[in-house]
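Protein chains in written order, with numbering that gives the first Met the number 0: chain X, 0 to 228; chain V, 0 to 228.
If you want a taste of the chain X side facing chain V, the calculated C-beta under 10 Å gives, among others:
hint, residue
1, Arg60
2, Pro63
3, Val66
4, Tyr69
5, Leu70
6, Thr166
7, Val177
8, Thr178
9, Ala181
10, Tyr189
11, Leu203
Label pairs and their in silico Cβ distance ranges:
hint, chain 1, residue 1, chain 2, residue 2, range
12, X, Asp183, V, Ser39, 40 to 48 Å
13, V, Gly114, X, Ala58, 28 to 36 Å
14, V, Ile207, X, Leu221, 35 to 43 Å
15, X, Thr173, V, Thr49, 36 to 44 Å
16, V, Leu13, X, Ala17, 34 to 42 Å
17, V, Arg220, X, Ala127, 32 to 40 Å
18, V, Ala186, X, Ser119, 47 to 55 Å
19, X, Asn83, V, Ile207, 37 to 45 Å
20, X, Ala135, V, Ser39, 51 to 59 Å
21, X, Ala211, V, Arg73, 31 to 39 Å
22, X, Arg214, V, Ile207, 33 to 41 Å
23, X, Thr173, V, Gly114, 35 to 43 Å
24, V, Pro144, X, Ala58, 29 to 37 Å
Covered stretches of chain X (in silico footprint by chain V; criterion: 3 or more residues with CB under 8 Å from a CB of chain V, positions within the stretch not fixed):
hint, region
25, 74-84
26, 168-175
27, 195-202
Think of the hints as simulated: they come from the structure by calculation, not from any bench.
Where is the CB? At the ideal position from N, CA and C, for every residue including glycine.
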Amino acid sequence: MNGQPILDNAWLFAHGLATTLGLLSASLLAGGALAVPMAVARTSRHWWMARPVWLFTYAIRGTPLLVQLYLLYYGVAQFEAVRNSVAWVALRSAWFCAALAMAINTCAYTTEMLAGAIRSLPYGELEAADALGMSAWQRLRRIVLPLAFRRSIPAYSNETVMMLHGTSLASVVTLVDVTGVARDINSRFYLPFEAFLTAAALYLALTFALVAAFRQAERRWLAPLRRGN
Amino acid sequence: MVSAYLPSLLAGALTTLCLALSSLAIAIVLGLAGASGRLSRRPAVRAIATAYTTIVRGVPDLVLMLLIFYGGQRLINFAIEKLAPGHYVDVNPFAAGIATIGFVYGAYLGETFRGAFLAIPAGQAEAALACGMSTLQVLRRVTGPLMLRHALPALSNNWLVMLKSTAIVSVIGLPDLMQRAGLAAGATREPFVFYIAAGGVYLVITVISETLLQAWQRRLRVGTREVRL
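Bound conformation, chain X alone (with noise of 0.2 Å):
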């Protein structure tokens, strides 16, 4: 084991941290907001709305996040009336493909974990909301939609999970993230253990840190939950 080389570069996995982590909470907030509104439709009773949510989340689920990295990075620059649109200043980076991909991806496991939690409400807190007269979106509002999100929270801790995970696959289309500077480090120095060792004790760390934050969390928001009822 030779530890200097990582220590010497230090400051280049701060920058890789830097760049997981944005990735990370760029991508879980787009998909997470997204996801809200594709929830309520894959609940719907109108088959229009339910329907083109489940065919849209089954495609994402079912194929891997690479394909759709790919697809976004390298595909979609294939047509010439892409190359010379206004979106191809985004699409053209790679940070802004990675992002995307992966808003897109967590935004399906999302929206079906919380058309999950929806379906399994108690009928009744519904009824209750309907006897008070509450038109549908302040049922929406102030009933279902915080049901949901509480019950979802020991769900959506192994979601944030998956996504870090795949942060890790932007290090392919070229960004430098934890394991982009992890795999410079061995081509460099052919370090092989120091460098994706390092890399691995930071995903950890973070593995860890988000597990605690979510468990703090359900301790808040899931107390009413665990009394019994």
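Position chain V relative to chain X; hints supplied.
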């Protein structure tokens, strides 16, 4: 355009399937070992099994694959240099791919099997022992089939996740579906078409697996009553 590359894509799909199935076999063995380790009476065995399932599930599979591929190469050549100076081997990417994916998903399956084993009422095994069955007979006739029934839903899920995660072996140069699609995309300059095709193949394998696994789950559930609200 796709038709000219169809044989190549199909060969890639076959590699992907072989890889996923071989990894599954390793993962099941490691998963059973991990589960029995975590349920062991000896604290040292329990600690090792817990470390395995916790650490491996906290690190991205890509990082572990790069560690095993580059690090394993270094380790093996270091050993060979000591034993037979002047010789050199290249680690086979297929072996590295199977080893990594089997190793990673063994940790996930370890948790699955542990949960399934704990879900079996203790009375079942006690009754079988009271009937005079040997420990092996109890496992084969009573606890084994019961455990499979409890484990199969999560096992199916893990298989689908694992199938998609084999896509990362293209990063270490294995000619799987992704790599073949990438070659065709480069040669024809039509990356969108070929990555869509690759995604389609993953989706088809997913649909077929889901259908078969659901039929198997129904068979294993015979004689149980599902809760309906």
